[in-house]
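*Asks:* Sequence:
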Amino acid sequence: MSDRAVLHVKGRVLVGPDDVRDELWVVGGRISYERPTGARDIRTVEGWALPGLVDAHCHVGLDAHGPVPDDVSEKQALTDREAGTLLIRDAGSPSDTRWIDDRADLPKIIRAGRHIARTRRYIRNYAHEIEPEDLVAYVAQEARRGDGWVKLVGDWIDRETGDLSACWPREAAAAAIAEAHRLGARVTAHCFAEDSLRDLVEAGIDCVEHATGLTEETIPLFASRGVAIVPTLVNIATFPQLAAGGETKFPRWSAHMRALHERRYDTVRAAYDAGVPVYVGTDAGGSLAHGLVAGEVAELVTAGIPPIEALSATTWGARRWLGRPGLDEGAPADLVVYEGDPRADVRVLAAPRRVVLDGRVVG
Numbered sequence: 000m001s002d003r004a005v006l007h008v009k010g011r012v013l014v015g016p017d018d019v020r021d022e023l024w025v026v027g028g029r030i031s032y033e034r035p036t037g038a039r040d041i042r043t044v045e046g047w048a049l050p051g052l053v054d055a056h057c058h059v060g061l062d063a064h065g066p067v068p069d070d071v072s073e074k075q076a077l078t079d080r081e082a083g084t085l086l087i088r089d090a091g092s093p094s095d096t097r098w099i100d101d102r103a104d105l106p107k108i109i110r111a112g113r114h115i116a117r118t119r120r121y122i123r124n125y126a127h128e129i130e131p132e133d134l135v136a137y138v139a140q141e142a143r144r145g146d147g148w149v150k151l152v153g154d155w156i157d158r159e160t161g162d163l164s165a166c167w168p169r170e171a172a173a174a175a176i177a178e179a180h181r182l183g184a185r186v187t188a189h190c191f192a193e194d195s196l197r198d199l200v201e202a203g204i205d206c207v208e209h210a211t212g213l214t215e216e217t218i219p220l221f222a223s224r225g226v227a228i229v230p231t232l233v234n235i236a237t238f239p240q241l242a243a244g245g246e247t248k249f250p251r252w253s254a255h256m257r258a259l260h261e262r263r264y265d266t267v268r269a270a271y272d273a274g275v276p277v278y279v280g281t282d283a284g285g286s287l288a289h290g291l292v293a294g295e296v297a298e299l300v301t302a303g304i305p306p307i308e309a310l311s312a313t314t315w316g317a318r319r320w321l322g323r324p325g326l327d328e329g330a331p332a333d334l335v336v337y338e339g340d341p342r343a344d345v346r347v348l349a350a351p352r353r354v355v356l357d358g359r360v361v362g
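Counted from 1, the sequence shown has number 214 at position 215 by numbering that gives the first Met the number 0; the numbering is strictly sequential.
No lab work stands behind these hints: they were computed from the structure.
These figures come from a predicted structure and were not determined experimentally.
Incorrect hints may have been included.
Claimed, not checked - Between beta-carbon pairs, the in silico distance windows are:
(1) A177 to E22: 44 to 54 Å
(2) G362 to D21: 16 to 26 Å
(3) A243 to D40: 54 to 64 Å
(4) I307 to R39: 30 to 40 Å
(5) R144 to A177: 17 to 27 Å
(6) T118 to I41: 17 to 27 Å
(7) D95 to E159: 27 to 37 Å
(8) P324 to R144: 38 to 48 Å
(9) Q240 to T118: 24 to 34 Å
(10) R224 to G147: 51 to 61 Å
(11) I307 to P68: 38 to 48 Å
(12) P250 to D70: 36 to 46 Å
(13) T118 to G147: 21 to 31 Å
By construction, the Cβ of each residue, glycine as well, lies at the ideal position given by its N, Cα and C atoms.
Just need the whole structure built from these sequences, with the hints factored in.
*Replies:* This is how it looks when you write it as structure tokens:
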């Protein structure tokens with residue numbers, strides 16, 4: 000398809016959950032709902048069109064051992080693209096992936112900089128590992144380097160107690176979050192357990208990743224403050240395996256991880272029912288493969304979130320939350336076309352018919 004070609008998407012265009020149109024046109028890489036005059040080189044794609052999917056917790060440039068070379072980062076991004084993920088919130092990476100911004104064929108990335116963790120309290124080679132007195136300075140550094148987000152490691156296993164515990168004193172977290180907000184960045188945190196959540200929310204955090212430790216006491220606090228969660232259920236599915244691996248050395252931690260796993264669906268459903276914003280994220284790029292976005296949407300439905308809301312959590316709602324357009328007039332034409340109606344069955348997302356990025360059919 001040449002740069003001058005016009006793309007005609009016809010069938011059912013899901014501009015919003017209740018805004019369904021018969022067609023759109025892509026001219027110069029941008030969306031129009033008016034037929035262009037004089038167009039001759041027209042390519043037509045038929046099906047059910049959605050805004051490019053969002054993976055709001057993904058790691059490009061990272062694997063189980065730390066940073067990866069650019070060619071591996073490229074393969075990760077391409078795998079996500081082929082799954083229909085065209086917008087990624089990169090929730091922490093030690094690699095410099097800014098070169099991806101110059102590639103019109105790769106997903107768009109909103110970066111949170113590098114993870115910020117306590118010393119020896121996270122996966123080796125992933126994070127800046129610091130102590131609380133340096134937290135404000137490192138948050139400021141990553142706020143300036145990122146794209147409007149900063150990522151903290153809110154809890155991790157404490158080898159002295161043999162279980163998950165909070166990483167940051169409340170005062171240090173509050174000061175750091177205030178500094179990020181002053182610099183125009185939002186803050187999110189990795190949290191598996193219960194005991195870090197209240198302090199982080201009351202300190203002003205904007206989002207929590209995983210959030211398996213939510214309880215009937217903290218869910219109303221999240222809801223009242225509008226703090227979002229990204230449950231990453233395809234990652235939480237690995238908890239039993241992780242627990243088995245740590246059983247001998249850390250039995251208390253292993254039991255805790257199993258308990259968090261067992262109630263995972265109830266936790267997510269209770270948060271949704273209370274009005275907590277929920278978004279799709281896969282946690283791909285650590286030990287998980289890329290391209291799992293459809294599976295995560297299906298997991299949210301399994302947890303009891305209505306299909307249309309689970310779909311919004313990776314399309315209309317997620318893009319609005321991240322400040323990026325959907326299928327709006329004049330917006331970049333980032334969209335995915337499917338055989339059937341994904342509102343009727345979210346499993347349709349696993350088989351994109353066509354992937355369009357900046358107006359070009361790339362998959």
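*Asks:* Kindly confirm whether 16 to 26 Å is satisfied by the beta carbon distance between G362 and D21.
*Replies:* Hint holds: Cβ distance 24 Å, inside 16 to 26 Å.
*Asks:* Mind checking the hinted window 17 to 27 Å against the Cβ distance between T118 and I41?
*Replies:* 59 Å, violated
*Asks:* Within 30 to 40 Å or not, the Cβ separation of I307 and R39?
*Replies:* With a Cβ separation near 39 Å, I307 and R39 satisfy 30 to 40 Å, so the hint holds.
*Asks:* So the hint says 24 to 34 Å: do the beta-carbon atoms of Q240 and T118 match that?
*Replies:* Check passed, 27 Å falls within 24 to 34 Å.
*Asks:* Between A243 and D40, does the C-beta distance stay in 54 to 64 Å?
*Replies:* 58 Å Cβ-Cβ, so the 54 to 64 Å window holds.
*Asks:* Look at the Cβ atoms of R144 and A177 and judge whether their distance stays inside 17 to 27 Å.
*Replies:* At roughly 19 Å between Cβ atoms, A177 and R144 fall inside 17 to 27 Å, so the hint holds.
*Asks:* Could you see if the CB distance from D95 to E159 stays within 27 to 37 Å?
*Replies:* Given about 35 Å between the Cβ atoms, the range holds.
*Asks:* Okay, T118 versus G147 on CB: inside 21 to 31 Å?
*Replies:* 27 Å, holds
*Asks:* Would you say the C-beta atoms of P324 and R144 sit inside 38 to 48 Å of each other?
*Replies:* 25 Å, violated
*Asks:* Is it true that the C-beta distance of I307 to P68 lies inside 38 to 48 Å, as the hint says?
*Replies:* Once the Cβ atoms are compared, 40 Å apart, the range 38 to 48 Å for P68 and I307 holds.
*Asks:* Measuring from beta carbon to beta carbon, are R224 and G147 in 51 to 61 Å?
*Replies:* Once the Cβ atoms are compared, 19 Å apart, the range 51 to 61 Å for G147 and R224 is violated.
*Asks:* With respect to the beta-carbon atoms only, verify the hint that A177 and E22 lie 44 to 54 Å apart.
*Replies:* Holds: the Cβ-Cβ distance is about 48 Å, inside 44 to 54 Å.
In summary, the numbered hints that this structure violates are 6, 8, 10.
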